[in-house]
Amino acid sequence: MTINRQSLHEILRIRALKQKLSISESSIYNKLNPKSRYFDKTFPRPIRLSPGCVGWVLSEVEAYIEARIAASRNDD
Numbered sequence: 001m002t003i004n005r006q007s008l009h010e011i012l013r014i015r016a017l018k019q020k021l022s023i024s025e026s027s028i029y030n031k032l033n034p035k036s037r038y039f040d041k042t043f044p045r046p047i048r049l050s051p052g053c054v055g056w057v058l059s060e061v062e063a064y065i066e067a068r069i070a071a072s073r074n075d076d
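Going left to right, the sequence shown walks through residues 1 to 76 as the working numbering numbers them.
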């Protein structure tokens with residue numbers, strides 16, 4: 001059975017997400033917290049992997065990065 005690699009969703013754990021975005025764990029959770037002044041409604045939401053474990057879908061994180069790049073280029 002052949003599996004199409006692109007059909008698989010890669011999951012990032014918090015450590016990999018911090019490294020990919022070059023931001024701290026507290027910054028990530030501030031972006032997710034609607035009560036935080038740093039809340040970002042466009043930031044990718046985590047998915048629950050188990051009762052004590054969450055992860056982020058890589059394709060959603062990459063789309064967020066692309067959107068941030070595009071937004072920064074349009075601020076001229």
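In short, the hints are calculated from the structure, not lab data.
Just so you know, not all the hints are guaranteed correct.
Cut-off 20 Å, straight-line C-alpha distance, at most; resulting in silico cross-link-like pairs (SDA-like, lysine to any residue) [stated by the list, open to error]:
1) Lys20 to Pro51
2) Lys35 to Glu62
3) Lys35 to Ile69
4) Lys20 to Ile47
What follows is a list of derived Cβ distance ranges for each label pair [unchecked claim]:
5) Leu49 to Asn74: 32 to 40 Å
6) Pro51 to Arg73: 14 to 22 Å
7) Leu49 to Ser72: 17 to 25 Å
8) Asn74 to Pro51: 20 to 28 Å
9) Ala71 to Ser36: 31 to 39 Å
10) Arg73 to Leu49: 29 to 37 Å
11) Asn74 to Cys53: 22 to 30 Å
12) Arg73 to Ser50: 36 to 44 Å
13) Pro51 to Ala71: 17 to 25 Å
Note that the structure is a prediction, hence the values are computed from the model and not measured.
The beta-carbon is built from N, C-alpha and C at its ideal position, and this holds for glycine as well.
Evaluation of the provided hints:
1. A distance of roughly 24 Å separates the Cα atoms of lysine 20 and proline 51; the hinted pair therefore is violated under the 20 Å criterion.
2. Between lysine 35 and glutamate 62 the alpha-carbon distance is near 25 Å, which puts this suggested pair outside the 20 Å criterion.
3. Only pairs whose Cα atoms come within 20 Å are accepted, and lysine 35 paired with isoleucine 69 is rejected, the gap being roughly 25 Å.
4. Distance restraint check for lysine 20 and isoleucine 47: the Cα-Cα separation of roughly 17 Å lies within the 20 Å cut-off, and the hinted pair is therefore satisfied.
5. Hint check: leucine 49 to asparagine 74, Cβ distance near 35 Å, so the stated range 32 to 40 Å holds.
6. Between proline 51 and arginine 73 the CB atoms are about 41 Å apart, so this pair departs from the stated range of 14 to 22 Å.
7. Checking the proposed 17 to 25 Å range against leucine 49 and serine 72 shows it is violated: the Cβ atoms sit about 31 Å from each other.
8. In this structure, asparagine 74 and proline 51 break the distance hint of 20 to 28 Å, their C-beta atoms being roughly 41 Å apart.
9. Separated by about 20 Å at the C-beta atoms, alanine 71 and serine 36 break the suggested range of 31 to 39 Å.
10. Here the CB-CB span from arginine 73 to leucine 49 is close to 34 Å, well matched to the stated 29 to 37 Å.
11. Range check, asparagine 74 to cysteine 53: about 37 Å between beta-carbon atoms, so the 22 to 30 Å window is missed.
12. Taking the beta carbon of each, arginine 73 and serine 50 are about 39 Å apart, inside 36 to 44 Å as hinted.
13. For proline 51 and alanine 71, the Cβ-Cβ distance of about 36 Å falls outside the hinted range of 17 to 25 Å, so the restraint is violated.
Checked against the numbered hints listed earlier, the structure breaks hints 1, 2, 3, 6, 7, 8, 9, 11, 13; every other hint is satisfied.
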